[in-house]
Amino acid sequence: MTATTAVPVRPAKQPKARGQRDKPEKWGSPVTYFIALLLIAVCLAPVVYIVLGGFRTNSQISTNPAAFPSPWVFKNYAAVLTSTTFWGEFANSIIVALVSTIGVVVLGVMVSFVIARYDFKFKGAMYSLFAAGLMFPMVIAITPLYLVIKDLGLVDSLFGLIVPQVAFGLPTTVIILVPFLRAIPNEIEEAASIDGASRLGFFFRMVIPLAVPGVVTVAILSFIGSWNNYVLPLYILNSQANYTLPLGVQAFSSQYSTDTAAVLAFTSLAMLPALIFFAIFQKRIVGGLTGAVKG
Amino acid sequence: MNNTLGTETAAGRSAQGALQAGGAVSSASPAARATKHRRRGRVRMRLEITLLSGPAIIMFLAFVIFPVVLAAFYGFFRWKGYGPPTDFVGLNNYKLILTDPAFQAVLWHNLWILVLSLVIQGPLAIVLALLLNQKIRGRALIRILIFVPYIISEVIVGTGFSLMLQTSGAVNDLLEHIGLGFMAADWLADPNIALWTLMAIISWKYVGFAVILMLAGLQSIPEELFEAAQLDGASYWQIQRRITLPLLGPTIRIWAFLSIIGSLQLFDLVYIIWGQYVSGTAGTSTMAIYMVAQGRNAGNYGYGSAVAVVMFLISLIIALIYQRFVLRRDLQGAVTEGVH
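These protein sequences, in sequence, are chains A and B.
Be aware that the first sequence starts at 1, since it is given in the numbering used here, and climbs by one per residue.
Be aware that the second sequence starts at 1, since it is given in the numbering used here, and climbs by one per residue.
These are computed hints drawn from the structure, not numbers from a lab.
For lysine-lysine, the following PhoX-like pairs were computed, each having C-alpha atoms within a straight-line distance of at most 25 Å:
hint	chain 1	residue 1	chain 2	residue 2
1	A	LYS150	B	LYS80
2	B	LYS80	B	LYS95
3	B	LYS135	A	LYS283
All of these numbers come straight from a predicted model, not from anything done at the bench.
Could you build the full structure based on these sequences and the hints that come with them?
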């Protein structure tokens, strides 16, 4: 859009009648590329530092903190990959993230369907209730939330992480899914009802398949949110056997604070799953966020 | 939204139209059979609504709303978290919090972080979004890569940065290598610098998110507007100032709201990098750090709950003021949408 004035990529398209106005075009593009490259370098440098640091030895790191591995050593990563601590925490993170995501998606689709496609008195209030939930971030509620979890006897259990994560994931889910479900044309619903499908039949046979793209967005956000959650596990989990990866990274880095290379290897392996997940689904994440803002 | 009410027959549907038009249910359909059918339909609909929305609402009320209410109750007690609270102290906890210089300091830090986040990330994100909105090669890849810091957990970001920013760490080493050794500093412990270090890390982590939002906002502006302005002889910068920025307004205001809420609840990064004790002397601790240190780590759950209530009220007041004066226009559609 702005490209027509500022980018010489397709100069032929623009008649050169207003020559002076097109002047910025000439140098606009290289500057753009330069800034874009600089931006990418700044964004990725810390990540690269963590990953490469895992391939160095502690003496390499202490004599030359900012340098490439020479020679490359693999023992740090090997040590992490063969440790039961890492894989135990990895498994805990996976279990919590998967179950939380399933919970958020199932409950979220159900309530969003009601708000989007039923007409009843408290519909607006219900939507506002969940919308207001965006103003209750988990950190603010963590102290009383911990007390509730404690009273339920869920302290130091993975279930004690899953239940609050589902509850706190609902507002975003509802905000994203309601416009999505509302956009399903009424004609489809009418056709389903003429074919003899009940409202619930319509829900299961038509809505769920049609809502898959929105559901995937919500599921990814929920999974990454759970994977990265720190404050809730910090309060709920006591024993190292139940730690999720964020707590594990923190525990490892304070336990082996002198072994910087090992800490970097552990840290980069802990971030890898979220990055892979993001690489696979990046279109949905970026697209879903933009959709949420427009809705 | 005419046919959203759930009944499976054409009769039910026409009745529903009447219900929406005037709310006069009894006069809608004279046929007894249809009335019976409709009534059964309505009972059934209520059952469906209850079954489908019940679990989510119960979860939400029990684990999001109820804890905040509970905190308001516990906040009136001096209580260590065991057994029922008995030592009622009235508003004493709140008096202690508001007169505690440490709390005033963390509140001040939070407000600084809030303002600086808006002032640094906002213009930066708009400029970057304008740049990246041009049709350059690899635009999709750039958009993915600048989003990477947002995906990585704050614990990992914090661990990585605290290693890089040590006095003998990679950042100072790099500065020496490129001849800027005089700029090397104690990035984390020096109280004159620490807050700015924190702002740099926050900007690094969250500016990609802001850029993605701004790009989405830019792409929703109709292209004809730019073409028309161009035909009228507007320069690139005139177009940005007169057309792009005003039309980007809703996106900027929503982003600012998210940023404000995020700034007020900042915890993970500071806790990982500075820890609960050092953050106080470095001048980076936040309300959430104060709450965790004074509440859970000190075992004073009554006091911690009161801090939670204060934090919640501050966030709520700021959010309401913002919504009242800034977001009003944008949210009119979003929040009341469900009513129509």
